[in-house]
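Build the complex: two chains, separate frames, hints provided.
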Amino acid sequence: KNQVEQSPQSLIILEGKNCTLQCNYTVSPFSNLRWYKQDTGRGPVSLTIMTFSENTKSNGRYTATLDADTKQSSLHITASQLSDSASYICVVSLSANNLFFGTGTRLTVIP
Amino acid sequence: DARVTQTPRHKVTEMGQEVTMRCQPILGHNTVFWYRQTMMQGLELLAYFRNRAPLDDSGMPKDRFSAEMPDATLATLKIQPSEPRDSAVYFCASGLERLGRISGGWEETQYFGPGTRLLVL
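Each protein sequence line maps, in turn, to chains A and B. Under the working numbering, the first residue of the first sequence is numbered 1, with each subsequent residue one higher. Under the working numbering, the first residue of the second sequence is numbered 112, with each subsequent residue one higher.
Extracted from the complex, chain B is given alone in its bound form (with noise of 0.2 Å):
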């Protein structure tokens, strides 16, 4: 039974720490996304890659955010420094795009991690 799974899946860290937040997509997907989710704003897309190569990554903070895939089996996003603002659930999917024969567009389901849930101090 595939999954995507991510590490850790709690983390407490203080203001200013370096968190490094891993996912391993499911085998043969194309795409991977990085989610943050809080009581306040629900989800938000922060990265989105395709094929390994990062085609949006506007949601994110970019002065401390960043998120890479350095291979088709692992991605990851990393907070420097990080800030109790930054405290959520940090969920990372990944999805196969292709095109619909009925549709006639490009169809996507994507598959959520369990989620790295965040705490900064």
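The shape of chain A in the complex, shown without the other chains (with noise of 0.2 Å):
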């Protein structure tokens, strides 16, 4: 079973709409656990990373929230526009090589 489960698979909202993207975690405790933008064809570039003592962190309209007694933590973007349509990937990292990643949601933003 992945340790690490994202939803939904795949999202789509008009531009300007605020949207929210889950990661639920069965990794327990962890060091940190981050949330990745990945644009089509390209490496995934860090957005947010939080430790396991951290409830929220914020990267200009991403906001990440963690929950460590529910082992949920959630992306919101706020006024989504179009450079937002990507790929969003939630790790949880036990250490630097011990990591668990979730297999993404496909955000596409529409005018």
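FYI, nobody ran anything at the bench for these hints, they're computed from the structure. Heads up, the beta-carbon is just placed ideally off N, CA and C, and yes, glycines get one too. Honestly, I wouldn't trust all of these hints.
[Said to hold, decoys possible] Some chain B residues flagged as far from chain A (calculated, every beta-carbon gap over 12 Å):
#: 1; residue: Glu129
#: 2; residue: Val130
#: 3; residue: Glu155
#: 4; residue: Pro172
#: 5; residue: Ala183
#: 6; residue: Pro195
#: 7; residue: Asp197
[Stated by the list, open to error] Partial list, derived from the structure: chain B residues whose beta carbon lies under 10 Å from chain A:
#: 8; residue: Gly170
#: 9; residue: Ala204
#: 10; residue: Arg228
Right, here's the structure in full:
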């Protein structure tokens, strides 16, 4: 069973709307939880990194939250833009070389 | 604007051939990672170096894959012989691992290269 599950698998939203992506994990405790954005044909880019004790971390219009009790993280995107169309990957890290990857959520923002 | 570079960007080869992928990490970074990404498996860690020393290559099929860092500016990933199931996008990432003032633990942000798209026929 994958220890990091992301939902939805894909999402289509209108430009300007907000959306929330979910990441459920079973890995616990962990060193940090990361959200990456991956544009088509490019490498992943780090959006946020949260340690086990943090609840929220923002990066511009991206806000990640972490609930260690329910083992859930979410990535909230505010006022979506066309350039937000990408895959978003949740990664739970026990250590630098002990990583658990979600399979990602494919977000499409339409005008 | 410092970035991780990878060559080649695309590679098509025949089964049985040797494939060498190269990565130039960001100057000053002390960690290098090799990942493989497929539609079915998503991202998988293949190898991890810190200060050029290989710390973990348990994610690699040992009989055909090898990863090295001959110097601080070059990391290589070799497949010999290649097989069709090796077809994937291979990413290199580099990072700077340092002790976090607030978290008290080792923190690191990884910067990914653009990837090498490999197709083995």
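Does the closest beta carbon of chain A sit nearer than 10 Å to the beta carbon of Ala204/B?
Since the shortest Cβ distance to chain A is 7 Å, the answer is holds.
Evaluate the condition: distance from the CB of Glu155/B to the nearest CB of chain A exceeds 12 Å.
violated (7 Å)
Least C-beta distance from Val130/B to chain A larger than 12 Å:
Per Cβ check, Val130/B is outside 12 Å of chain A; nearest 19 Å; holds.
So Asp197/B supposedly isn't at the interface. Is its beta-carbon more than 12 Å from every beta-carbon in chain A?
Correct as stated: the minimum Cβ-Cβ distance to chain A is 19 Å, above 12 Å.
How about Gly170/B: closest beta carbon in chain A under 10 Å, or not?
holds (8 Å)
Pro172/B and chain A, when compared Cβ to Cβ, separated by more than 12 Å
Answer for Pro172/B: holds, closest chain A Cβ roughly 17 Å.
May I ask you to check that Ala183/B keeps its beta-carbon over 12 Å from the closest beta-carbon of chain A?
holds (18 Å)
Is it the case that Pro195/B keeps its Cβ farther than 12 Å from each residue Cβ in chain A?
Pro195/B is indeed farther than 12 Å from all Cβ atoms of chain A, at 22 Å.
Outside-interface status for Glu129/B - nearest CB in chain A farther than 12 Å:
Glu129/B clear of chain A: closest Cβ-Cβ about 24 Å, beyond 12 Å.
Min Cβ distance, Arg228/B to chain A: is it shorter than 10 Å?
holds (8 Å)
Hint 3 alone, counting from the list given before, is not met by this structure.
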